[in-house]
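Using the sequences plus the hints, can you model the full thing?
Just so you know, the sequences run in chain order A and B. The numbers in the working numbering rise by one with no breaks, and the one at position 178 of the first sequence is 178. Add 330 to a position in the second sequence, counting from 1, and you land on the number used in the working numbering.
Take these hints with a grain of salt, some might be off.
No farther apart than 30 Å at their CA atoms in a straight line, the calculated lysine-lysine pairs in the DSBU-like style are these [as the list claims (entries may be wrong)]: (1) K590(B) - K647(B); (2) K468(B) - K124(A); (3) K147(A) - K477(B); (4) K138(A) - K608(B).
Keep in mind the hints are simulated off the structure, nothing from the lab.
Each chain, written out:
Number of protein chains: 2
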Amino acid sequence: MTEAKEAWSGRRVLITGGLGFIGSNLARRLAGLGADVVLVDSLIPQYGGNLFNVADLEGRVRVNISDVRDQHAFRHLVQDRELIFNLAGQTSHMDSMTDPVTDLEINCTAQLRLLEVCRQHNPKLKIVFASTRQIYGKPDYLPVDEKHLLRPTDVNGINKMAGEWYHILYNNVYGIRATAIRLTNTFGPGMRVKDARQTFLGVWVRAAVEGRPFEVWGGEQLRDFTYVEDCVDALMMAASNPNTDGEIYNLGGDRVLSLKDLADLVVATNNGGAYEIKTFPPERKRIDIGDYYASDEKFRLATGWMPRTGLEAALSKTLAYYRLNLAHYL
Amino acid sequence: MTEAKEAWSGRRVLITGGLGFIGSNLARRLAGLGADVVLVDSLIPQYGGNLFNVADLEGRVRVNISDVRDQHAFRHLVQDRELIFNLAGQTSHMDSMTDPVTDLEINCTAQLRLLEVCRQHNPKLKIVFASTRQIYGKPDYLPVDEKHLLRPTDVNGINKMAGEWYHILYNNVYGIRATAIRLTNTFGPGMRVKDARQTFLGVWVRAAVEGRPFEVWGGEQLRDFTYVEDCVDALMMAASNPNTDGEIYNLGGDRVLSLKDLADLVVATNNGGAYEIKTFPPERKRIDIGDYYASDEKFRLATGWMPRTGLEAALSKTLAYYRLNLAHYL
Numbered sequence: 001m002t003e004a005k006e007a008w009s010g011r012r013v014l015i016t017g018g019l020g021f022i023g024s025n026l027a028r029r030l031a032g033l034g035a036d037v038v039l040v041d042s043l044i045p046q047y048g049g050n051l052f053n054v055a056d057l058e059g060r061v062r063v064n065i066s067d068v069r070d071q072h073a074f075r076h077l078v079q080d081r082e083l084i085f086n087l088a089g090q091t092s093h094m095d096s097m098t099d100p101v102t103d104l105e106i107n108c109t110a111q112l113r114l115l116e117v118c119r120q121h122n123p124k125l126k127i128v129f130a131s132t133r134q135i136y137g138k139p140d141y142l143p144v145d146e147k148h149l150l151r152p153t154d155v156n157g158i159n160k161m162a163g164e165w166y167h168i169l170y171n172n173v174y175g176i177r178a179t180a181i182r183l184t185n186t187f188g189p190g191m192r193v194k195d196a197r198q199t200f201l202g203v204w205v206r207a208a209v210e211g212r213p214f215e216v217w218g219g220e221q222l223r224d225f226t227y228v229e230d231c232v233d234a235l236m237m238a239a240s241n242p243n244t245d246g247e248i249y250n251l252g253g254d255r256v257l258s259l260k261d262l263a264d265l266v267v268a269t270n271n272g273g274a275y276e277i278k279t280f281p282p283e284r285k286r287i288d289i290g291d292y293y294a295s296d297e298k299f300r301l302a303t304g305w306m307p308r309t310g311l312e313a314a315l316s317k318t319l320a321y322y323r324l325n326l327a328h329y330l
Numbered sequence: 331m332t333e334a335k336e337a338w339s340g341r342r343v344l345i346t347g348g349l350g351f352i353g354s355n356l357a358r359r360l361a362g363l364g365a366d367v368v369l370v371d372s373l374i375p376q377y378g379g380n381l382f383n384v385a386d387l388e389g390r391v392r393v394n395i396s397d398v399r400d401q402h403a404f405r406h407l408v409q410d411r412e413l414i415f416n417l418a419g420q421t422s423h424m425d426s427m428t429d430p431v432t433d434l435e436i437n438c439t440a441q442l443r444l445l446e447v448c449r450q451h452n453p454k455l456k457i458v459f460a461s462t463r464q465i466y467g468k469p470d471y472l473p474v475d476e477k478h479l480l481r482p483t484d485v486n487g488i489n490k491m492a493g494e495w496y497h498i499l500y501n502n503v504y505g506i507r508a509t510a511i512r513l514t515n516t517f518g519p520g521m522r523v524k525d526a527r528q529t530f531l532g533v534w535v536r537a538a539v540e541g542r543p544f545e546v547w548g549g550e551q552l553r554d555f556t557y558v559e560d561c562v563d564a565l566m567m568a569a570s571n572p573n574t575d576g577e578i579y580n581l582g583g584d585r586v587l588s589l590k591d592l593a594d595l596v597v598a599t600n601n602g603g604a605y606e607i608k609t610f611p612p613e614r615k616r617i618d619i620g621d622y623y624a625s626d627e628k629f630r631l632a633t634g635w636m637p638r639t640g641l642e643a644a645l646s647k648t649l650a651y652y653r654l655n656l657a658h659y660l
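The following block contains the structure:
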């Protein structure tokens, strides 16, 4: 920890999507290590940003409300930064189908413009980009490693694929050091629970805390899960390790289980609750990816990362958080 | 040919990039078969559109000057069409690096908007999309088949990758039948020869015709080439064959050779000329893909396509065309 303090103290960091779920947890960790942290967030109501996520960090981080599509703001914001955690994005698969051009503006155009601004004004910084397992589409084999073909099944997946590759390209051509991490289901305190725009686990946790049954669509699909603190570890390790420059990594979790088994675990950890198995709504079925879990061996080998929080403990912390703070997320 | 006439007579076709190189050759063939052809082109001076390309088709095709970024025009234009050959695009790799956002607007945003317009106003049509081998990046193995990972080395490659996948997605989710063909170096009468924005072969042919030496960058790189008439065959076969719906295909050519061997062939076919071997300029070197040639077996099996014009004959026709018409392309 002393070592980490030295490594991060005074380090000038920008987090896009910094008031969101992962961004705010990362901000808390970095602020604790003495980093100089700027958070950029649009606070668009349908997305993950929530000022309550950083209420305890008052005075310890700087908050800048602006949209990633605002290239003029970024020109100023990136100038003195050493490191960007680029976490802002439109994350809802369904919204990307009903409003594909907005998804494109945020997940493609804004990303390309941000990289252009970095190239012109601060090409020496490093960027860690939050990519997504969604870009693989329906897997051919499991676990999915980084050699798997990309065959996205929704507009969000296509745009995130392009957004990821802009980062890799700017690394390869312009030497802006960039690492992309393809996240799977990340969960924990601070996630959106109002609806399933960020993760289905949000609405499960909310229902469990409110004492209502939640819906499990399908139930047999296999998935892996990353607790947000483990995700924060991974982002920081990628940021600090020059061997990750220009590389793309999957991130997985503690273990693989079916959604039904996960639902049972939520109910058990909550000491009560219920769920109903539902067949997939047709508009979701056609963009569903079936079973997915990652091989994250490449990342573990490169960085030594491994999950530090077991799934039960992670669910327990998450439920406890929302039992206390649910009102701030509705 | 009688069979083809029956198949195409009266068929309502839209060609985006219709005044361009491939689009105008396709238009000529379709008009000859009695199809009802509308050509859409922006005539942006840096791109491939050239009214001379269709001067001989006066009164036999309809020309509509508008930009693919103009979604309002498309709303009208697609309504009564059965088939779109979607060939419009920004094609210059270098321009995509100096002006990445314009490349994105044309190769991503406009494509997504066109598909949205089709979904809303005419979801029963079929689209054949001109994709590019550029999206593979530097090959891991040769010949490159469709199972090869996509690792584009320039902004154009990333945007074309996304543009291709929007088509496949709209096929899979909305039933708008779409086929993507990844073209390699296509050449022939009607190509841009003013500069290398469309193909390096353009400037070679121009120099040979003008009796000037041309520059060969590198020279050892292996490439394959498609004569434009063979490309037109391929596009029409894809349009007519329902087995190609939702599929992605490479298109190759008659044979594989090094750029130096091709240069020798240009000089020989031209009955004279000269070239100089140059080292790669650094800004091109970093986006170069090295050797590339396609396996197009998947397409040949699906459609029976094969090239009908040998490379020598194709070069000979091309040189003869520009000897006669060069003034219209400068």
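Each hint, compared with the structure:
{"no.": "1", "hint": "K590(B) - K647(B)", "result": "holds (20 Å)"}
{"no.": "2", "hint": "K468(B) - K124(A)", "result": "holds (26 Å)"}
{"no.": "3", "hint": "K147(A) - K477(B)", "result": "holds (11 Å)"}
{"no.": "4", "hint": "K138(A) - K608(B)", "result": "violated (45 Å)"}
This entry does not satisfy hint 4, going by the numbered hints stated previously; all others are met.
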